[in-house]
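Chains as they are written, first to last, in the numbering used here: chain R, 1 to 294; chain P, 1001 to 1345; chain F, 2001 to 2406.
Don't read these hints as lab results, they were simulated from the structure.
Every residue, glycine too, gets a C-beta built ideally from N, C-alpha and C.
Don't take every hint at face value.
Chain F stretches covered by chain P per the calculated footprint, using a threshold of three residues with CB under 8 Å from any CB of chain P [said to hold, decoys possible]:
1) 2119-2129
2) 2137-2145
3) 2361-2369
4) 2390-2401
Incomplete in silico selection of chain R near chain P, CB under 8 Å [claimed, not checked]:
5) Leu91
6) Leu97
7) Lys192
8) Phe272
9) Ile280
10) Pro283
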Amino acid sequence: MLGWFDANLVSILNGFAIGSLLFILAVGLSIVFGMMDVLNLAHGAFFLIGSYLAVTFVAGESWGGFLTALGVAALIGLLAGGALSGLTEPLARRPILDQALLTLGISLIVAEVLSIIYGNDVFSVPPPPGLAESIDVAGRAYPAYRLMLIAVGLVLALVVWLVVEKTSIGALVRASVADREMVSAMGVDNRKVKFAVLGVGSLLATVAGVLAAPVYGARPGLDETILLLALVVIVIGGRGSVRGALVGALVIGQVESLGRALVPDLASFILFGTLALVLIVRPRGLFAGKVAHS
Amino acid sequence: MSVIPDSSTETTGAAAAVAATSPASRRNALLRRGVPALVLLVLLAAVPLFADPFTTNTISRILIFALFAVSLDLLVGITGLPSLGHAAYFGVGAYTAGLVSIHWTSEAPVPVLLAAGAGAVAAAATGWLAVRSGGVYFLMLTLAIGELVHQLAQRLTSVTGGSNGLFGIPSVRIGGQPLTLAGLVYWYVLVLALLGFLGLWLVARSPFGGALRGIRDNEPRMRSLGYSPFRYKYVAFILAGGFAGLAGGLFAGLLRIVNPSDAGFTTSALMLLAVILGGAGTLWGPVLGAAVVVLVRDTFGPQLDGHGPLLLGIVFVVAVYVLPRGFAGLTGVLARRKRTAGGTA
Amino acid sequence: MTPPVPIRRRVITLFGAGSMALTLAACGGGSLGGEEGGAEGGGDGGGTVRVGLVIPQAGVYTPLGEDMQQGWDLWLDQNDGMMGDFDVETVIADEGEGPDTGVPAVQRLLTEDSVDALVGIVNSATALGVAEQVTEAEVPLIVANAGAEAITKDAASPYVWRSSFTNAQIAAAMGTHLAEEGIGPVYVMAPDYAAGQEVVAGFTEAYEAGGGTIAGQALTPFGTTQDFQPFLSGVQSSGAAATFVFYAGGEAVSYVQQYDEFGLKDSIPLYGSGFLTEGSVLDAQGESAVGVRTTLHYSTEIDNEANAEFVEAYQAAYDELPTTYAVQAYDAANVLGRALAEAGDVSGSAITEALDGLGEIDDSPRGPWSFTNQTPEQSIYLREVADEGGTLLNTVVEDLGVQPQP
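Next comes chain R alone, as it looks inside the complex (with noise of 0.2 Å):
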């Protein structure tokens, strides 16, 4: 048992890494599905304009660069969320699936746009100073970089997580969310609350996709994988609960990293074999919100 612990040290010190970086992705997500019923399909191209910030600020390696990257990143995150808040009021009162239509639709252009002012070409980025190199974990290297997403990750559950369970802004989106009526009632505009919740889930997403870049790069294509594993990880967990995005996001961490180290042959088959497991076994996911009860 200890010598197959120690075999896979570094799978599972990696499943944490990545579970840090999808929970960063898919938390902003799952908000704004679960509390807003937004089902955000663009969410992945805001990432991948997270992803070519980097590209165009890292350039020179310095922390000045990455923290450039990344309040631009928020800027343009927030702004995109706002304006996705603004397109998707018209569509309130109809059905989900419109939605799905006008995000995906977005994700497209965006996606496009991205590919006219980047061209195709695979970009790499690289980590901040003192972050390149790799550390000695158990005898193995393992990049340094990757040690501090799961800091950050947990970092930010922590912060998300008291933010909308324990402050009154938390509450006041948790009320909207189960009595719009009462809400407006209260003196609050509906459309504020909405307008703030999906421009900080969009900002988190473009968030991730700096941080994610000197892992993943920047490249075509990237949002729809990153999409995919965003939508896994969020109903894995259970849509709507910042507990469940973690749970998901560390699942999801753990099957492609632990899961595709020990049966490499079946990696093609994992990660949507879990999830079929999972909805079979629990179809609502694993911690399915208060929210998506109803």
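Given chain R's structure and the hints, the job is docking chains P and F onto it.
Showing chains P and F alone in chain R's frame:
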């Protein structure tokens, strides 16, 4: 949360209108609908007489994907089950028809009938798990099933040819004669696709289809009336799989190559979007939706220096606002306009 | 009444545009007559030859398409846009990522554009999907990239030719070479799709035939693997002395970088099929790629006159180094040009007959090669990535000699 396309009001409204009208106006309605349908049929049948092979092939593709989209609409629009894995059954049908043609016979209609059967069997094998869930979870579960089938097609190289595709599928034969000319293949596709449309239309119009709509609109109510929603959804899933398999069989006959991606996510997603674009629940709307998707992606897209996806994206975004109920919503608007115009005149 | 009409009209125009194009193109009309193909353009000397260039302009293969178009254009520029006595008219079509888009694109070139010959095609499934159509239309196709063995074997047709390579040809050359070196157990990795499987099979067969042993193998999910750590840990625990892989595009970048990041590069040397370090991916890989050894039928560093001229002209025209994809299209133009000069006729049968009689192509940047079973019999080079003054290059270590088709 509701993922049910809200075409229900329109259909029930129309049904009420028909029931309330006199026999004479019903005859009128029949005439109003029957004549254009007949004209359309004649036009469709005449396509090979004036269209060149490429255009004829394009219309064959449209017919096939239209049949696929309508079979998906039986799930999405009529039953309220939005599937992101419907291409799996299309793919199973296509591979079945391809393999039957290569290893046994390409004599029509053997490959397509077996394709339809295989699609239905595959749907039966996976559907009993899928239809237990609903909404987004159904969407994701079908996505997972579709991707697993896609990977299986990729992996079973000795049977499917893997990612190289199943190639060397012989031409469809009728009475021993191979159909090599685009126009003849078109007629073969047209006849079977029309039979498929007819079958789906009959299902949707039948009491069974009515029960599906009832389950879509109010499942608890239907359950209390003694219906078993599971059994109805399951049968709908199998039927939809069967018709998708039929479409897949036609596709194998037309393209004479089958690829894992034909069973994959992109095909599923595009067709789901085609259904929404056309107007879910109307059966004929998705035909137009499929036509637009095929034309944009396969006909105009390749001439745009690689900006085909951009055009597709713009079409989707514009359609959401301009056509709130898909193409099918257009007739509603027209009819209402006509009514008000008649009233004031 | 007014507002809905324009919408409906828009839909009608969408349909109309298609049928209009067809009425214009349809000579005689209808799709019940025989396939006209491009045969009607035949004549003796002079005139125009219409060539369909099928390259990816959208999707993940787009960079390959750009290189191929540049190679094609360069050859035409150098030859005044003429092939033999014919003015060349190039009709470009977007292949997209797979047969879904590629097959209709070819269909259109064959019927609506009535091309006399086809060049291009990156994706093997697309090439296999159109083989039968081009044969029926009697239009020669010169595949300028797709490497599936079946294209010129199981699906062989007198009209389907290839100016590129076969997957196994390149891998087998490395297998034989490493076996001769006696390097020890090798771990083999490739994406889990047809080309990957062919490479793994080709390498394994050649390496074992030379007396080598395989330490293990992994086929990674194609197109969706961004993180190779789980598989790399398998390489480490297998006790392999070297790794041989086949990746291209985004996967090649991730793989080479992660191979370095996870500390394998220094202990277990990395070998690969040449696409691992070819073209724009090499710049993205950066220093991680230095020292990686690959086999391929081309490198900018091949020392011959034709290559020196080619590299110089290419750099002058496009301000970047040529890639093997560019060379494959350049050579496709070259053989088509030679065949047309020989045939003096643009009919499919005349072109294929002339292609068959070409013999050795002696002025190719990749060195001399010839068609055997309609696909190149050519030298494979052992290359090593080196950083020369800030530019990463695939230097030629050794000419492994002419490799027959496996």
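Hints, one by one, checked against the model:
1. 2119-2129: holds (count 4)
2. 2137-2145: That given contact is violated, which follows from only 0 residues of the stretch 2137-2145 of chain F lying within Cβ reach (below 8 Å) of chain P.
3. 2361-2369: violated (count 0)
4. 2390-2401: Contact hint for the stretch 2390-2401 of chain F vs chain P: violated, 0 residues under 8 Å.
5. Leu91: It holds, given that the least Cβ distance between R/Leu91 and chain P is near 7 Å, below 8 Å.
6. Leu97: holds, 5 Å
7. Lys192: Result: violated, 22 Å to nearest chain P Cβ.
8. Phe272: holds, 4 Å
9. Ile280: holds, 5 Å
10. Pro283: The hint holds - R/Pro283 has a Cβ within 8 Å of chain P, the shortest such distance being about 4 Å.
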